[in-house]
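J.: Turn these sequences into a full structure, and let the hints guide you.
Now for the letters of each chain:
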Amino acid sequence: DTGVSQNPRHKITKRGQNVTFRCDPISEHNRLYWYRQTLGQGPEFLTYFQNEAQLEKSRLLSDRFSAERPKGSFSTLEIQRTEQGDSAMYLCASSLVGGRTTYEQYFGPGTRLTVT
Amino acid sequence: GNSVTQMEGPVTLSEEAFLTINCTYTATGYPSLFWYVQYPGEGLQLLLKATKADDKGSNKGFEATYRKETTSFHLEKGSVQVSDSAVYFCALSIYNFNKFYFGSGTKLNVKP
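So the sequence lines, in the order shown, correspond to chains A and B.
Numbered according to our numbering, the first sequence spans residues 1 to 116.
Numbered according to our numbering, the second sequence spans residues 1001 to 1112.
One should not assume that every hint holds.
Per label pair, the in silico range of CB-to-CB distance [what the hints assert, rightly or not]:
1. A:P8 - B:Q1081: 27 to 35 Å
2. B:G1061 - A:Q17: 42 to 50 Å
3. A:Q41 - B:T1012: 17 to 25 Å
4. A:T20 - B:S1014: 41 to 49 Å
5. B:T1005 - A:A53: 29 to 37 Å
6. B:E1042 - A:E56: 22 to 30 Å
7. B:Y1039 - A:A53: 28 to 36 Å
8. B:K1056 - A:G3: 21 to 29 Å
9. A:G40 - B:D1055: 28 to 36 Å
10. A:K14 - B:K1056: 46 to 54 Å
11. A:G16 - B:D1055: 24 to 32 Å
12. A:R59 - B:S1014: 41 to 49 Å
13. A:R59 - B:Q1081: 39 to 47 Å
Incomplete in silico selection of chain A near chain B, CB under 8 Å [claimed, not checked]:
14. G16
15. G40
16. P109
Simulated from the structure, these hints should not be mistaken for lab results.
Small disclaimer: the values here were computed from a predicted structure and weren't measured.
We put the CB at the ideal spot given by N, CA and C, even for glycine.
T.: See below:
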């Protein structure tokens, strides 16, 4: 178990460009979550998957944002036509749900996006 | 709605001082409560949790008690160390833990 990993760790892009982030959860975890964290704030929920199914999306997730988890393992978060307001830390977390689980979410180190 | 309010930081203490970080919540259901810690350059780590009223979560000398009557989950530690310097987030989760609601975080600086 190597924990939750995210790539890249840092991304600088120009406004209007598309970006894609990847999250690799802990291997046996069936839930995967995406959060966004801006400076001085706590993480805000964006969306989550149970296996490959996307079960909930926040109002924060505009049409420019799309997330996938095609095989129920890794996930990608894509932002199209980036705006300066998209600059933030994007966090991924995973957990195991079902049976006698503790429902703890394990977080990755995050991808810091800067839109210039 | 669901929300978490934490005391604003930064909190600056000397080593071995007593720590309290206040956290209150509002919830539409019956929440579970958590404290997460974020050390510089690292991801969030679960520090402790409590899943029902009057439960006390504890870990690494930190404690927090789930107080339903005051809707609070204050974090305490009797004697802080320099290594406790980090940002602390209070969070709640309801409805089968499908998502968490986080407070804005409290930065703790501990001076030698």
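J.: Now, for every hint given, state plainly whether the structure supports it.
T.: Verification of the hints:
For P8 (chain A) paired with Q1081 (chain B), a C-beta distance near 33 Å keeps the hint of 27 to 35 Å intact. Taking the beta carbon of each, G1061 (chain B) and Q17 (chain A) are about 46 Å apart, inside 42 to 50 Å as hinted. The supplied range of 17 to 25 Å is met by Q41 (chain A) and T1012 (chain B), whose beta-carbon atoms lie about 21 Å from each other. The supplied range of 41 to 49 Å is met by T20 (chain A) and S1014 (chain B), whose beta-carbon atoms lie about 46 Å from each other.
For T1005 (chain B) paired with A53 (chain A), a C-beta distance near 33 Å keeps the hint of 29 to 37 Å intact. At about 27 Å, the CB distance of E1042 (chain B) to E56 (chain A) agrees with the hint of 22 to 30 Å. Hint check: Y1039 (chain B) to A53 (chain A), Cβ distance near 33 Å, so the stated range 28 to 36 Å holds. Roughly 28 Å separates the CB atoms of K1056 (chain B) and G3 (chain A), a value that falls within the hinted 21 to 29 Å.
Distance hint check for G40 (chain A) and D1055 (chain B): the Cβ-Cβ separation is about 30 Å, which falls inside the suggested range of 28 to 36 Å. For K14 (chain A) and K1056 (chain B), the Cβ-Cβ distance of about 50 Å falls inside the hinted range of 46 to 54 Å, so the restraint holds. Range check, G16 (chain A) to D1055 (chain B): about 49 Å between beta-carbon atoms, so the 24 to 32 Å window is missed. At roughly 43 Å, the beta-carbon separation of R59 (chain A) and S1014 (chain B) lies within the given 41 to 49 Å, and the hint holds.
Look at R59 (chain A) against Q1081 (chain B): about 41 Å separates their beta carbons, and that is inside 39 to 47 Å. Hint on G16 (chain A) is violated. Least Cβ distance to chain B is approximately 30 Å, over the 8 Å limit. Nearest Cβ of chain B to the Cβ of G40 (chain A): about 7 Å, under the 8 Å cut. The hint holds. The criterion of a C-beta within 8 Å of any C-beta in chain B is met by P109 (chain A), whose closest approach is roughly 4 Å, and the hint holds.
In summary, the structure is inconsistent with hints 11 and 14 from the numbered list given earlier, while agreeing with the others.
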